[in-house]
Amino acid sequence: MGVHTDQMNFTPLLRPIMQRFPHAVRYYRHLREGYYVFAEPVMTPLGFRLAGDPRMESGTYERLEVEIVRRCLAASEVFINVGAHIGYYACLALSLGKTVVAFEPLDVNLKLLYQNIAANGWQDQVEIYPVALSDRTGLVELHGGHTGASLIPGWAGALPHHRRWAPTSTLDLILGERFSGARCFILADVEGAEFSMLQGATCLLTQTPRPIWMIEIQGEAHQPDGIGFNPHFLATFQLFWEHGYHAWTVESQPRRVDEAEIEHIWRTRRNTLPVHNFFFVQAGEEPPHA
Numbered sequence: 038m039g040v041h042t043d044q045m046n047f048t049p050l051l052r053p054i055m056q057r058f059p060h061a062v063r064y065y066r067h068l069r070e071g072y073y074v075f076a077e078p079v080m081t082p083l084g085f086r087l088a089g090d091p092r093m094e095s096g097t098y099e100r101l102e103v104e105i106v107r108r109c110l111a112a113s114e115v116f117i118n119v120g121a122h123i124g125y126y127a128c129l130a131l132s133l134g135k136t137v138v139a140f141e142p143l144d145v146n147l148k149l150l151y152q153n154i155a156a157n158g159w160q161d162q163v164e165i166y167p168v169a170l171s172d173r174t175g176l177v178e179l180h181g182g183h184t185g186a187s188l189i190p191g192w193a194g195a196l197p198h199h200r201r202w203a204p205t206s207t208l209d210l211i212l213g214e215r216f217s218g219a220r221c222f223i224l225a226d227v228e229g230a231e232f233s234m235l236q237g238a239t240c241l242l243t244q245t246p247r248p249i250w251m252i253e254i255q256g257e258a259h260q261p262d263g264i265g266f267n268p269h270f271l272a273t274f275q276l277f278w279e280h281g282y283h284a285w286t287v288e289s290q291p292r293r294v295d296e297a298e299i300e301h302i303w304r305t306r307r308n309t310l311p312v313h314n315f316f317f318v319q320a321g322e323e324p325p326h327a
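Numbering (our numbering), first residue to last: 38 to 327.
Calculated directly from the structure, the hints in this document are not laboratory data.
It should be emphasised that the depicted structure is a prediction, and the values quoted were computed from it without experimental measurement.
All C-beta atoms, glycine included, are put in the ideal place defined by N, C-alpha and C.
Misleading hints may appear alongside valid ones.
As the list claims (entries may be wrong) - Derived CB-CB ranges, DEER-like:
#1 A111 - I264: 35 to 43 Å
#2 P167 - S95: 34 to 42 Å
#3 T245 - R293: 20 to 28 Å
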C-alpha cells in the first residue's frame, strides 16, 4: 500500500526536463501506462491470473501485507477495496470466495482491473465502481498515476500537468447501510485523501458489527511542497475513536496505538511510528495478524 517507486525516486531527478517538455512527458506516460493493457495475464503464486505489475505477477509485492489481508479476509464476509488499482487484492478476495466491492477512479488502472477480473472468470461475481471516494459528489482531478494517483495536488512529487478528471462519490451514497450485519473488511489506499473519504462513510463507520479497516495514513511522507505534515493526521484517528474503534499498527505483531501517542506526534510533527498502515477495529477486539 503506497506510492510506486518510479514516481517517488525518479521524478525529482528528471523534474526540470519534465517541466520543460510536458507534452512529451504526457505522450511517454500514455505509452508506458498503456503497455500492460496488452499484456497477457499470468498465473500468480497466489492462485489467480493477473497482468499489470511484474511484482504482483511474481508474488513479491507487499508479501507481509498479503498475508495480513488473507487473515482479515478469513474473518470477513465482504471485502470493500477502496483504491483497488489493478485488482491484486480484489482478485485475492475473489479467489477466496468473498463478496467483493471495488472502487478505482484511474482510467488506466480500470482497464487492467477489468481485464484481470475477466481473466479469472469472475466478471459476474464482483461490483466495480469507477469513482474516487470523498465526502461529496462531482468531478475531481487525480494527480499522478499507477499506485500513487491522488486527489491531493503535488502528492509524492506529482507534477502539475500529470492529472486527469474523475468522478467522485461517497460510500454513504453508494453502499449506505447495505452491509449492516455483515462482517466487512475495508482496505483503503487513497494516497492522502483518507479523511475526506471517511467523512462520506458514516454508515460503514457506525454499522454493527464494526468493520475491520486497514488504511494507509502518512505523516510527513509524500506531502506536497509547502505541507510539512499531513494536515488531517490527528483528525483521521479521532474520527475512528469517536465511533468506537481502536487503532493498531499493521505489522506481523500489531501493537495498539493510543490517543496520547498520536497527539504527541501531532504536536511535535515528528512521526515516531514504525509503519504507515493501520488497523481500526472495534474497541476491545484485536486485529488479525500474520
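- Query: Checked against the structure, which of the hints given earlier come out wrong?
  - Reply: 2
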